[in-house]
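Asks: Here is what each chain is made of, one letter per residue.
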Amino acid sequence: MKKNILLVEDEKALCLLYEEELGREGYAVTAVNDAEAALAELGKTTFDLIITDIRMPGKDGIELITQIMGLRKDIPIIINSAYQSYKEDFMTWAADAYVVKSASLDELKSKVKQLLGD
Amino acid sequence: MIETYNILSPDFERDAPRELMLLSIISQSFFQPFSLEDNLLVILTALTSGSGVGFNRAMLFLKHGDRLKGEMWLGPRSAEEAGSIWEVLSTPGIGYVEIIEHNRALVNKNEDTLSGRLKGLVYAADEEGALIPAYAACRKEILFVREAASEPLVDRRFLNMIEVDEFLCIPLLARDDIVGEIILDNAITRTPIMPADIKLAGLCGLIAGNYIYSTTLHRKLLETEKMAAMGEMALFVTHQLRNPIVAVGGFTDQLLKPDVPEEKRLRNLTIIRDEVRRLEDIIYQMGHFLKVSLKEPVYFDPGPVLADVLDSPQVRVKAQGYALNIKLEPCLPQILSDPISFGEVVRNLLDNAFDTTPAGGVITVRGYRKNRSGFAFSVRDTGKGISNPDKAQLFRPFFTTKEKGMGLGLTFIKRVMDTCGGKIEVQSRPGKGALFKLIFLCRERE
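Protein chains in written order, with the numbering used here: chain E, 321 to 438; chain S, 70 to 515.
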């Protein structure tokens with residue numbers, strides 16, 4: 321059975337890329353474009369991992385993480401942001417990994433595998 | 070009952086005391102949207118105009134670091150030139166703008182002679198044993214110099230240049246610091262300088278000093294704001310550039326794998342092309358924002374600029390699917406701004422209206438005279454509107470509510486309006502559209 325990943329990313333091209341690339345690694349990816357949609361998905365499906373951007377329209381990734389921690393502490397979370405500087409925000413320390421966006425997806429893929437024990 | 074009066078144009082009777090007229094002109098410098106140099110020229114004009122009751126000539130030194138440097142010289146070179154200048158400046162009803170235009174022409178004329186030579190003079194601003202004219206600034210005292218030729222404290226180079234025996238040195242002070250000095254003389258009429266003239270010139274010097282000080286502080290503040298904006302920009306650019314770069318890198322990697330189906334190859338190439346275009350657009354907008362240097366505002370007819378923008382192919386393409394109502398008053402007045410920036414401002418407002426209004430919406434552009442000295446240009450849309458928290462941040466660099474916006478358009482508009490002394494009004498409620506109204510200073514067509 322494929323492991324489920326919830327991807328929260330407002331850039332549609334990146335959603336498509338991550339879906340395909342993580343799909344190729346054998347994961348089922350559900351992509352949503354904002355925090356509200358992510359919370360709705362979490363109510364419907366059981367996920368094994370969450371990957372979230374920080375800067376998004378509406379609620380940002382940090383608020384989303386805080387809310388998820390209140391709901392489900394057991395799902396590992398990877399922050400995937402274009403900003404390095406959010407690493408200094410202690411609210412992001414609640415996440416299990418912080419991967420800065422890069423033209424190569426190698427680091428992201430290896431973190432996903434590590435956190436899912438693959 | 071309440072009566073209101075305009076702060077900027079006190080309409081004194083023609084026989085009002087000249088002291089009052091003088092202070093009125095100088096005080097206006099604080100409020101005018103012209104450059105420091107233009108406003109300083111008006112201060113010099115105030116000291117030299119008035120059909121012979123003022124001084125004949127005025128020279129300005131400004132303090133740069135610890136040096137006092139000659140900046141500008143205003144005044145006629147001969148008795149004939151003096152007559153014509155004083156006639157212009159004593160014309161009843163002559164306004165601040167006319168004085169500025171007249172002065173710019175006069176200083177340009179003097180540039181090769183008087184002002185050019187004055188600019189070569191530089192003195193230490195706080196040195197013991199300084200020579201006149203710097204001596205007055207160093208001592209922070211007004212000096213009335215007579216029989217200058219036999220006064221050993223007077224710098225000979227300075228004396229050879231001004232060629233008068235009697236002159237007044239007025240130090241310009243602000244918060245007990247020297248910001249400059251004004252030299253006044255009556256080289257043309259040879260009228261003796263009277264104690265009343267000295268007191269009045271001293272008072273003008275006090276106002277001028279504070280004006281220079283506050284303007285310098287304001288410039289420093291703008292510089293600091295700009296630096297802060299640059300820092301914010303660096304952070305913002307990282308994010309803006311990184312997302313398309315990730316897409317380009319990722320989809321290119323996919324193409325490099327063997328046996329990519331044709332359909333996927335085309336799709337990836339299309340995404341890569343679009344993302345590269347987006348990168349180009351970001352770079353263009355950043356470059357545009359950084360290099361924009363606003364020009365001095367002038368009065369011009371906004372009609373041709375408006376027609377140019379409103380009839381442009383870009384606007385016509387964007388307007389498809391919208392009801393675009395254009396209501397421009399016939400015979401528009403001349404407005405005070407920089408024509409190129411004004412065009413950009415109009416373009417930006419229209420872009421925002423189209424971007425935030427769903428197809429089928431109504432966009433209304435209006436241009437009308439608000440009152441005698443104000444022209445309003447407004448763009449109203451029926452789009453998503455602006456929430457109160459967003460309203461407070463609208464003009465901050467890089468603040469945007471648009472999916473693809475850079476958040477620089479309204480920052481640019483604010484810069485333009487600040488430079489020309491205009492105002493911006495925003496009316497909006499979420500879901501009820503928005504109205505952006507720009508109010509420019511205006512005057513009748515010439």
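Among the hints, erroneous ones may be present.
Straight-line distance between alpha carbons at most 20 angstroms, and here's what the computed SDA-like set of lysine to any residue pairs gives [as the list claims (entries may be wrong)]: (1) K332(E) <-> H133(S); (2) K332(E) <-> V306(S); (3) K332(E) <-> H308(S); (4) K407(E) <-> K453(S); (5) K501(S) <-> A392(S); (6) K429(E) <-> G378(E); (7) K379(E) <-> K453(S); (8) K429(E) <-> D409(E); (9) K453(S) <-> G378(E); (10) K326(S) <-> E427(E); (11) K379(E) <-> G476(S); (12) K289(S) <-> F481(S).
It is worth saying that the hints were derived from the structure and are not from the lab.
Asks: Please go over all the hints and tell whether each is borne out by the structure.
Replies: Okay, the hints, checked on the actual structure:
no.: 1; hint: K332(E) <-> H133(S); verdict: violated (54 angstroms)
no.: 2; hint: K332(E) <-> V306(S); verdict: holds (19 angstroms)
no.: 3; hint: K332(E) <-> H308(S); verdict: holds (15 angstroms)
no.: 4; hint: K407(E) <-> K453(S); verdict: violated (34 angstroms)
no.: 5; hint: K501(S) <-> A392(S); verdict: holds (16 angstroms)
no.: 6; hint: K429(E) <-> G378(E); verdict: violated (27 angstroms)
no.: 7; hint: K379(E) <-> K453(S); verdict: holds (18 angstroms)
no.: 8; hint: K429(E) <-> D409(E); verdict: violated (24 angstroms)
no.: 9; hint: K453(S) <-> G378(E); verdict: holds (15 angstroms)
no.: 10; hint: K326(S) <-> E427(E); verdict: holds (19 angstroms)
no.: 11; hint: K379(E) <-> G476(S); verdict: holds (19 angstroms)
no.: 12; hint: K289(S) <-> F481(S); verdict: holds (19 angstroms)
Hint compliance for this structure: hints 1, 4, 6, 8 are not met, and every other hint is.
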